[in-house]
Amino acid sequence: NAGVTQTPKFRILKIGQSMTLQCAQDMNHNYMYWYRQDPGMGLKLIYYSVGAGITDKGEVPNGYNVSRSTTEDFPLRLELAAPSQTSVYFCASNGGDAGNNEQFFGPGTRLTVL
Amino acid sequence: AQKVTQAQTEISVVEKEDVTLDCVYETRDTTYYLFWYKQPPSGELVFLIRRNSFDEQNEISGRYSWNFQKSTSSFNFTITASQVVDSAVYFCALSEETSGSRLTFGEGTQLTVNP
Numbered sequence: 876n877a878g879v880t881q882t883p884k885f886r887i888l889k890i891g892q893s894m895t896l897q898c899a900q901d902m903n904h905n906y907m908y909w910y911r912q913d914p915g916m917g918l919k920l921i922y923y924s925v926g927a928g929i930t931d932k933g934e935v936p937n938g939y940n941v942s943r944s945t946t947e948d949f950p951l952r953l954e955l956a957a958p959s960q961t962s963v964y965f966c967a968s969n970g971g972d973a974g975n976n977e978q979f980f981g982p983g984t985r986l987t988v989l
Numbered sequence: 003a004q005k006v007t008q009a010q011t012e013i014s015v016v017e018k019e020d021v022t023l024d025c026v027y028e029t030r031d032t033t034y035y036l037f038w039y040k041q042p043p044s045g046e047l048v049f050l051i052r053r054n055s056f057d058e059q060n061e062i063s064g065r066y067s068w069n070f071q072k073s074t075s076s077f078n079f080t081i082t083a084s085q086v087v088d089s090a091v092y093f094c095a096l097s098e099e100t101s102g103s104r105l106t107f108g109e110g111t112q113l114t115v116n117p
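Order-wise, the sequence lines are chains A and B. In terms of my numbering, the first sequence opens at residue 876 and continues consecutively. In terms of my numbering, the second sequence opens at residue 3 and continues consecutively.
Derived from the structure by calculation, the hints contain no laboratory data. Note that this is a predicted model, so its numbers are computed, not measured. Any given hint might turn out to be false.
Computed list of lysine-lysine pairs in DSS-like fashion (alpha-carbon distance at most 25 Å, straight line) [to be verified]:
1. B:K40 to B:K18
2. A:K919 to B:K40
3. B:K5 to A:K884
Full structure from sequences and hints, please.
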């Protein structure tokens, strides 16, 4: 199993540009998450999904959109990049609907908006 | 609302010292889950432990041990005989049963172990 994969690893955007961060998992997990980690800070939840076709906002959803058309993929879309979105983005997944399950994290995407 | 506080922003120790990382949490749920993750300089997140609210037994895994005390809402992490490879940021996280598997993270503690 590849686990949770994210592309790209690094990206530099100009203000106002848009991009999609890709996330895929091959563990047949229903639950998937997007977090952002600002420098020197903990992770904050952006969006999550409990299954294909179902998404919901987390703590910091403004400026982002998601979709979940398949169990495997959970892309994160930035429409109008702003410097405040400079961060490291982590995608995660887990298989259960109880908090007892460990979340598996991808390697992260480091995004800089200039 | 759930909250996790890691009051120690940075800790610096000399190799072979013991070190304890503090974690205090807030929740209204009676069923919840606590986690510790390690983030080495390479940036990935490494799962260390999960504990549910009904299991207050302390746990030891090699040089790592965890002390869970519901009375003080704390879930502290101790590294015995620290090593340089333990240098990392350590995150404590909480998940409430009513919020599914969503994690709330603390701000993290940067541990530096000097030779």
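How the hints compare with the structure:
{"no.": "1", "hint": "B:K40 to B:K18", "in the structure": "holds (19 Å)"}
{"no.": "2", "hint": "A:K919 to B:K40", "in the structure": "holds (16 Å)"}
{"no.": "3", "hint": "B:K5 to A:K884", "in the structure": "violated (30 Å)"}
Taken one by one, the earlier hints fail for this structure only at number 3.
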